[in-house]
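Engineer: For reference, the chains in residue letters:
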Amino acid sequence: MTDRSTTHSGGELRDDAIRSMLEDRAGRLPTTPVDPASFVRAAVARPVPARRWWLRPAAGLASSVVLVVVIAGTLALGPLLVAVPASALPTSVPPTSAPPTSSTESGRPVEPASVRVLTPAELVALATTRPDELAGRLAMVSGRLSIRLDPRYVGRPGATATFPDAPAGMALRIDDAFRAILGDHLGDLEGVFLVRFTSEREGRNPVVDVLGRLEDATPGQPTVRVETLVAAISGDVGVLVAVDGWLVRSPLHPCPSIPQPTPAPTDRPVYGCPDDEYLTDEAFQPLRIDGSVVGPAGAIDVPVDSYDAWAPDPLTVPDGGVAPRRAIYVIRRAAPVCPPGSLCPAILPWRQATIVGRLDPLPDG
Amino acid sequence: VDPALIRRAQIGDVDAFTALVAGRVEPMQRTAMAILGHEADARDAVGEALGSAWRAIAGLRDPAAFDDWLTRILVHACRRRLRGRGRARVRELTIDAAEGRAGPGLTDDVLERLALERAFERLDADARTILVLHHLDGLGLAELAAGLGIPVGTAKSRLFAARRALERALERER
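One line per chain: the protein sequences are Z and Y, in this order.
Position 269 of the first sequence, counting from 1, maps to 270 under our numbering, and the rest follow consecutively.
Position 51 of the second sequence, counting from 1, maps to 1036 under our numbering, and the rest follow consecutively.
Each hint should be verified, as a subset may be incorrect.
Pairwise CB distance ranges (calculated) [stated by the list, open to error]:
| id | chain 1 | residue 1 | chain 2 | residue 2 | range |
| --- | --- | --- | --- | --- | --- |
| 1 | Z | Asp-189 | Y | Arg-1157 | 38 to 44 Å |
| 2 | Y | Asp-987 | Z | Asp-17 | 32 to 38 Å |
| 3 | Z | Asp-177 | Y | Gly-1008 | 50 to 56 Å |
| 4 | Z | Ala-181 | Y | Gly-997 | 54 to 60 Å |
| 5 | Y | Asp-987 | Z | Asp-237 | 53 to 59 Å |
Calculated from the structure, these hints are not laboratory results.
Quick caveat, the model's predicted, so the values are computed rather than measured.
Don't be surprised by glycine CBs; every beta carbon is placed ideally from N, CA and C.
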């Protein structure tokens, strides 16, 4: 390999090259100096970005009490609260509370159990009658998926799929990630499959994407719990699972006082902060009276931004925490990250995953 | 860190809070600028971080952890900025600017440095953050772990993964 100014001959980046580049970036600040005191005063006078938390109904006793106190306080001290800017007083973060159920984007409560597994015939009916309305929606379909070479695709990778037990009138398209898992497999697969409606057409037939087969799913019990997953001894990278769980994000405060064990114990995730995100079986109560943020033992580490991307009715509480959100999340197991030769904690098969979608009840037709 | 200033700030003394953080504004701006690469975004992130710190300082239990705590808040603010603008936005790096720093003539070194920065712009928020904290701010693994609120082992693996991601992005940029 050519020796360049930023890399060693082996291709590894040079520390001094990274540092120099970052110093260049950091040095592009304006030549006009900022008066720190003025800057700080302007910053503390900024309005609090999110206050919706206070307006949401809460389920737990603690949050109910908080809500009652807030309402009573608002009634009694309303004029004062209006008169004093919120940013003029420092406030500690109230405990994150758990909502009673998941909810859709509109805030309407939804029981994950109400998400039904379709038959292939029902899928065809929906795809042919409501393609535009359902475009982008995910659904579960139980049945036999037949994967065959299609003459139109001879010489190209992959094959086509059909539900042979379904009436004609729909085109199935195999998603790239599913194709990678299938490899050169041809034949029939039984199970519960994850599909996505599209507004596209192949000829006159609506196109539905097949994203994969859901592991450990049956028509009567298509979802699994986090606890079951983290206890599993196997789990191939790329496998899809529908999880009925809570999506949580550890809060911003008061993390500094928390001792972090090193290395992390293998049987219990250490809930980092801020901003680390997890799927768990219970609504996360990150803020304990002693400031600890150790949550339930069973949790799956999902990438930062998962909450913003997938939580139904995402709700930010002041200063960075979020309200846990329950739903059926479809996750794909990720390859664990650990440097070769490093002493990383043993990583159980399902400790890390990415969320690829959320299963909501389909709207009534 | 002066514990007395923290205690005063915790009971609402804005002058004490200002005194506490005024000397940290410039380093915070440098860190934010390195992560975000955009002056207005960096300034907004620092402002947001200071506002959050002011509102939350009452919950700070350990004054000695103040700097780690403030780092975490700043990192959080930078992540929010990056999320807001998405990863697709790649800043244009002009050859003129690089020439100005490197003297006349467009050398391979200049092109290589531009490629490295374009590669950095392709990284996600986590990777940018850990590289900046380590290579620019000089934080070791233990300090990274404290600053990010994660175990040391996780900090090590994240730093490794970030370097690899930068190397791969650089290969694509060449």
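Engineer: Next step is simple, just say for each hint if it's right about the structure.
Structural biologist: Right, here's what the structure says about each hint:
| no. | hint | in the structure |
| --- | --- | --- |
| 1 | Z/Asp-189 / Y/Arg-1157: 38 to 44 Å | holds (40 Å) |
| 2 | Y/Asp-987 / Z/Asp-17: 32 to 38 Å | holds (36 Å) |
| 3 | Z/Asp-177 / Y/Gly-1008: 50 to 56 Å | holds (52 Å) |
| 4 | Z/Ala-181 / Y/Gly-997: 54 to 60 Å | holds (57 Å) |
| 5 | Y/Asp-987 / Z/Asp-237: 53 to 59 Å | holds (54 Å) |
The earlier numbered hints are all upheld by this structure, with none contradicted.
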